[in-house]
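Listed below are the residues making up each chain.
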Amino acid sequence: MDQKSYRRGSFQSSTSDEDMLEIAGASLDFTMADDDPPLDREMGGFSSYNGGGLTGSSLVMDFLEEPLPGVGTYEDFNTIDWVREKSRDRDRHREITSRSKESTWALIHSVSDAFSGWLLMLLIGLLAGSLAGLIDISAHWMTDLKEGVCLAGFWFNHEHCCWKSNTTFTDRDKCPEWMSWSQLILGHGEGAFAYILNYLMYVVWALLFSLLAVLLVKGFAPYACGSGIPEIKTILSGFIIRGYLGKWTLIIKTITLVLAVSSGLSLGKEGPLVHVACCCGNILCHLFTKYRKNEAKRREVLSAAAAAGVSVAFGAPIGGVLFSLEEVSYYFPLKTLWRSFFAALVAAFTLRSINPFGNSRLVLFYVEFHMPWHLLELVPFILLGIFGGLWGAFFIRSNIAWCRRRKTTRLGRYPVLEVLVVTAITALLAFPNEYSRMSTSELISELFNDCGVLDSSQLCEYVNDFNSTKGDDLPDRAAGPGVYTAMWQLALALVMKVFITIFTFGMKVPSGLFIPSMAVGAIAGRLLGVAMEQLAFYHHDWAIFSGWCSQGADCITPGLYAMVGAAACLGGVTRMTVSLVVIMFELTGGLEYIVPLMAAAMTSKWVADAIGREGIYDAHIRLNGYPFLEAKEEFSHKTLAMDVMRPRRSDPPLTVITQDSMTVEDVETIINETTYSGYPVVVSRESQRLVGFVLRRDLIISIENARKKQDGIVSTSIIYFTDHSPPLPPSSPSMLKLRSILDLSPFTVTDQTPMEIVVDIFRKLGLRQCLVTHNGKLLGIITKKDVLKHIAQLANQDPDSILFN
Amino acid sequence: LCPGCDFLFPQASRMFAQCPQRCVSSVVLIALLCCLLSSPVEASKSSEDIRCKCICPPYRNVSGHIYNRNVSQKDCTCLHVVQPMPVPGSDVEAYCLLCECKYEERSTTTIKVIIIIYLSVVGALLLYMAFLVLVDPLIRKPDAYSQPLHNQEENEDARSLAAAPVVPGGRANTVLERVEGAQQRWKRQVQEQRKTVFDRHKMLS
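One line per chain: the protein sequences are A and B, in this order. So that you can map any letter, position 225 of the first sequence is 225 in UniProt numbering, and since no number is skipped, the others follow by simple counting. So that you can map any letter, position 116 of the second sequence is 116 in UniProt numbering, and since no number is skipped, the others follow by simple counting.
Accuracy of the hints is not assured; some may be wrong.
[What the hints assert, rightly or not] Dumping the calculated BS3-like pairs for lysine-lysine here, alpha-carbon to alpha-carbon at most 27 Å: (1) B:Lys202 <-> A:Lys164; (2) A:Lys407 <-> B:Lys202; (3) A:Lys777 <-> A:Lys638.
Quick caveat, the hints were computed from the structure, so don't treat them as lab data.
With the rest of the complex left out, here is chain A (with noise of 0.2 Å):
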């Protein structure tokens, strides 16, 4: 029998409440979280927090009345109660509403524990912006710094070295201030020997840039890689993933996110966007006493801030609340509606004010053309729906792949060489090509401007003909040399970043997945937009286009294309349906685009969900074997619960804790030869009549402190869960009352229950186990583990796959 490593740390332990957390159970390593503390110092405050158990009117006799730190909180990688936790959250509501009414000092309390919600909204918001802002600024810079320097002030990056010298029409991007590398270097910049060295010097900054990144987060905070979206899911569903959404995290996530996106990867700043202000929210909970304590309202605020986080990321407060509706929560009560709300507006306008782009836009690519569209480009909108769901399955099962490689096999082990190599194919296959080059933000936005008389880049190059020109509104002309060279440059494009994202995303950097899936959309699109412009051109005469589209008429419009594609190619990806066509038309301004927004967004998510079920958020979810149980999936079998109740047939009997014949020892070597994470307690053992549930963690801590701190504790003193001691003679040890600690309503359903609804109740009611009974005796338990062990199982699936608690 194994006690080691219980009891040394009994032994060890100092009179200090931190190390009551390190003695308590085997593997609690992962407890020793410092920037997320499960405990509090004050005893205090807890009066009437228990599990369901006690009314609290008895205190008098009982020394474990006063719950001691640790009772309530959950270790890391586990499931938390979110009945429990809500119960108390009830409870201490109760509890403050009684007190107002007896001073004013507790009605003041009252009042402001109500606006406590409102004002950390408010903070969160200021704060994500504030973020947002940095991360703006910085990465606009750094991404120029690849390409030359400023000598107007090294802080510049290009636009805005040259934003108070003229330059030219043609050439828009020429100022005397600023220097590229071989004007720098060599004091001209014409040349293959400048070429090449600005080539150099451009792989050189990306391969610097990311190392640096991969460096800080594997030297400071290892979680700050990937998207952050699948594990915001699943702590947001109530896992517990200590440190996720700690300080050191935000800084270095920030920190590095500006770092990975400069190196010219093919990558966006969305998904770690929402990371960091959830970061932000699970920070400035801590600040309120109603959300640091409970783990059910700071996933509400989690809720909040993963809307301000997407609406700072796309200028889209709506979009934002909507996004994380659909996307990221798992329960959203009605009230976190109107506070997400707030927090995205909170957040979008302190952007503004901030004002990164110069122009008090809020995103890149804000386009303000309103030109109509005839019904009949219905048909190549659905084409590029089509095309971006074929894309997002490929994406989708090659990411997935890919990661999975990297999971198992030896790449895994190489995680800085991985980041330097991608990025140096990325930096040397991208330099060459013009569309490449830039970064993928501005390539977007120059896809979505419609070309103007005033337009004068490559994109633009159409034949003018100047005696029909109307002021502004320029008709279909004819491609000029120009656009036939942009349209193969971006062939090429388009092709790149459609094989070296696959390998992108995932990596041990921060790296999201908007910008570069709406960029091949928008890449997609705007070929094919060109195309039909051309088409409607040269042959006006044709049957489907001689109604609406004759000559001289201004009627297709490629940027709207580039829209409609990118639309489409994150819908693909991400299946998102209702908040990806909100962000899409808040970012245009028009509510015109909606209809072939959502005919793309339909056509590409029924293409995607007939070749693969998950977007790519789920099937990383899977991936890793999160705890996640799917809340928008039918269970559409005829198991019982009896099926899926362990103890199995061949398996010893379930291990139960009986209501008031147990002795301490008995208790803990129950605790040390079995690793559930709670115990059923019965009346006694012939009868199995069911009591309650205790959970492993909260008897571990009792137990403890009563050896210390109560009187006459022994390992032959009887542990009762009832309200009065059993009757013992004098002679024997004093006893120990437990009842504080038992759930006194567990949750149970019998065991002819259909599966179907035992897995709706988990996931309406958020349970972690569910007892199971026969003609009212207690027969086995069923945990959130085994449902998804038994889905697994159904769809086919490896259930060993499902990792944690």
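Put chain B on the given structure of chain A with help from the hints.
Coordinates of chain B only, in the frame set by chain A:
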């Protein structure tokens, strides 16, 4: 901290008083936030920060041109900014109809402050990493526990040895010892995280 905070958030202010270490980071974050917010607010509109940009396309035999002047928003029109006017007086109206003038503002102070903050944080982190990798092992020679970056060959024994508290017995009283304890705890936490993510690939693929 502030007198009103005490009765509005009694428990929060008690917490502030009791554990300065934990809340220093929150206070620092909020101070940083105020810094960031105040700089755009306070920045006066120096002449460097406003401009009116007029883009005029090619017109007949006049090539396209971009004009930049710092005028106020009400003066940001084609007539004020496009000087010298390239077309004769009768064509000015038609020409100006084609030009697009936009008023733009920026805050150079904000940009400068943010970039400098960012670079200093990166520099500080790099210095700290260098310290942890190079200097710390030399200081802590007796402890078998000191390599934050090289995670692969960790002994379970070395870890369990180091799990014993560094400060012998009793509560760590001085600030330095408390910082020591916190740093050791943080290092252990990062070690665990690194194991989970990089070695066992249990999370984040």
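Status of each hint after checking the structure:
Distance hint between B:Lys202 and A:Lys164 is unfulfilled; the C-alpha atoms sit about 52 Å from each other, more than 27 Å. With a CA separation close to 8 Å, the supplied pair A:Lys407 and B:Lys202 stays within the 27 Å bound. Between A:Lys777 and A:Lys638 the alpha-carbon distance is near 24 Å, which keeps this suggested pair within the 27 Å criterion.
Checked against the numbered hints given earlier, this structure breaks only hint 1.
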